[in-house]
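Going down the list, the sequences are from chains V and X. 1 is the number of the first residue of the first sequence in this note's numbering; add one for each residue after it. 168 is the number of the first residue of the second sequence in this note's numbering; add one for each residue after it.
Simulated from the structure, these hints should not be mistaken for lab results. A portion of the hints provided could be inaccurate.
List of simulated lysine to aspartate or glutamate pairs, EDC-like, C-alpha gap at most 16 angstroms [as the list claims (entries may be wrong)]:
#	chain 1	residue 1	chain 2	residue 2
1	X	K591	V	E150
2	X	K595	V	D38
3	V	K149	V	D50
4	V	K116	V	D139
5	X	K534	V	E119
6	X	K534	V	D35
7	X	K310	X	D344
8	V	K48	X	E604
9	V	K105	V	E150
10	X	K607	V	D47
11	X	K595	V	D35
12	X	K534	V	E31
13	V	K48	X	E608
This one's a predicted model, so the numbers in the text were calculated from it and none came from an experiment.
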Amino acid sequence: MMLKQAAKKALGLTSRQSTPWSVGIFRSYHENVIDHYDNPRNVGSFDKNDPNVGTGLVGAPACGDVMKLQIKVDEKTGQIVDARFKTFGCGSAIASSSVATEWVKGKAMEDVLTIKNTEIAKHLSLPPVKLHCSMLAEDAIKAAVKDYKEKRVKTNGAAAAGETTQA
Amino acid sequence: MASKVISATIRRTLTNPHGAFSRCRHLSTAAAATAVNYEDESILMKGVRISGRPLYLDMQATTPIDPRVFDAMNDSTIHEYGNPHSRTHMYGWEAENAVEVARIQVAKLIEASPKEIIFMSGATEANNTAVKGVMHFYRDTKKHVITTQTEHKCVLDSCRHLQQEGFEVTYLPVKTDGLVDLEMLKEAIRPDTGLVSIMAVNNEIGVVQPMEEIGRICKEHNVPFHTDAAQAIGKIPVDVKKWNVALMSMSAHKIYGPKGVGALYVRRRPRIRLEPLMNGGGQERGLRSGTGATQQIVGFGAACELAMKEMEYDEKWIKGLQERLLNGIREKLDGVVVNGSMDSRYVGNLNLSFAYVEGESLLMGLKEVAVSSGSACTSASLEPSYVLRALGVDEDMAHTSIRFGIGRFTTKEEIDKAVELTVKQVEKLREMSPLYEMVKEGIDIKNIQWSQH
């Protein structure tokens, strides 16, 4: 009897369910990352030349990460009404930028500048090696806001110049 | 008594329809691939849920064991359990006989004499022994090693180790198609060059180096030629005399054999000397002490014999599948680049770059296909593959490569499914890619000033 059991074990004929998948596996994707990858929110583009749109383009193809984040701002209230993103990067980068577009919607521009990469990383349970993805997402938000502000200055400046020449 | 019980157990489980083996059969890849069935067979692994097991298209990493090889090993494991170096009784003689039969089988595959085959634990050990062993033996007169930038890590790391000991190493660059420039090789050879090490078939891009020409150059200059042929034996015709190699590393698990065994071919005429890495009782001609793993060696021998018989058929089958894969993808997608020479290539390796799509995100989407990538994100150091960089591939393209490995057991259905999944994922990721958008608008990506960290 014992010998039979031993024989079975030796030949690997025992039930396969004894392999513990969850034990000792590091570097697994958090389900939030997979969710954002499978069902990405807010993928797309706005018209760059629309004065209500700010575009942030950060990263470099050489590094393997490029993020483009666009925000549509209501000029009267200064609130971000809509956001879109496009990313060339790994699953964590896509998820970070997708999360960034979700979090900026409905907030005032000054508020979104306080979004930190550590919050994005925590939400997605990013491992240390992927923290730079969340850093890039934070940079993208800041770049988009900066671009919008620069655009406003230009259009205001042009309007003012137009007024002075008219007058 | 024990063997009777064991063989009865095997007989019972093999005939038992509900035994473990039949459970394995339910999970065969080809069947699972074509029938998507989420209810019962879905597997949750690393946060990803997939239906059934993924298609295995990573033959360069390792190959599934051929059932015929397993049969040979099985018998040997149970009955030939003696130590092959025991001289005094039948158990030792039987095991030694099994090892010698395997030795002949391996030698036949590479047109060598059985006396020139030294069994080791794998190609990594064989590479280490060859590179370090030769240079240490001739350390008084020879101080220089030549190798290429696209070698396997174990060769490169052994050379790095030699550099720390005071030797000099030349890492030859390769052309954009992955082949070595023979003129550069000739110029690099010095009077004190002790070894030239160039792999026959590259594991990442699959290019086949011009072995006969390199062998001729080494013979002219009287320099020993070592080659890492782990990906080559059993797949392309190998002849150690024609190639003029002095040392050749081989691995079993790349040719449908077991893991944990390999061999080093060490030429006897003219003799190449080397210092062993493993000291001990002087087994394997004093070059690799330690009890041989009889079962593994028997498996290796059986795999070599099968490879010899089936090489031609395998090549035809795999070539058809490779064309099916490449044409299937190229029909539906543009911006697909094959990395490495298309002419001088092993048919079972297809390394593709998909422009404007990043490798790790593509792998994440291809969860039902087991492939590998040369992208930075999949390596721990965030650096793209050094092989692709040596080819001179643009950095952004190096991030986008996927390596498909096709083998003896790959089926047409698996290839078709892989094509379908790849095309779907690439299209989805290109929709998400700002680079693709820019290209569509007519912006030249190379001229943009990127704000990197």
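*asked:* Hint check: K534/X vs D35/V, CA-CA at most 16 angstroms. Holds or violated?
replied: The given pair, whose Cα atoms are some 14 angstroms apart, holds under the 16 angstroms limit.
*Quickly compare the C-alpha distance for K116/V and D139/V to 16 angstroms and report which way the hint goes.*
With Cα atoms ~9 angstroms apart, K116/V and D139/V stay inside 16 angstroms; holds.
*asked:* Just to be careful, I want the Cα atoms of K48/V and E604/X compared with a cutoff of 16 angstroms; is the pair within it?
replied: Within the cut-off at roughly 12 angstroms; holds.
*For the pair supplied as a hint, K105/V and E150/V, is the alpha-carbon distance within the 16 angstroms limit?*
20 angstroms, violated
*asked:* Check the hint pairing K534/X with E31/V against an upper bound of 16 angstroms on the C-alpha distance.
replied: 14 angstroms, holds
*Hint consistency between K595/X and D38/V [alpha-carbon to alpha-carbon, up to 16 angstroms]*: Holds. K595/X to D38/V sits at ~10 angstroms (cutoff 16 angstroms).
*Is the Cα-Cα distance between K595/X and D35/V 16 angstroms or less?*
15 angstroms, holds
_16 angstroms limit on alpha-carbon distance, applied to hinted pair K48/V and E608/X_ = 12 angstroms, holds
*Holds or violated: K534/X to E119/V, with C-alpha atoms at most 16 angstroms apart*: Measuring from Cα to Cα gives roughly 28 angstroms; hence the hint is violated.
*Going straight from one Cα to the other, do K310/X and D344/X come out at no more than 16 angstroms?*
Roughly 30 angstroms between the alpha carbons, so the hint for K310/X and D344/X is violated.
*Quick one, are K591/X and E150/V close enough, alpha carbons at most 16 angstroms?*
It is violated: about 39 angstroms lies between the C-alpha atoms, which goes past 16 angstroms.
_So if I understand the rule, the pair passes when the alpha-carbon distance is 16 angstroms or less; does K149/V with D50/V pass?_
13 angstroms, holds
When each numbered hint is compared with the structure, violations occur for hints 1, 5, 7, 9.
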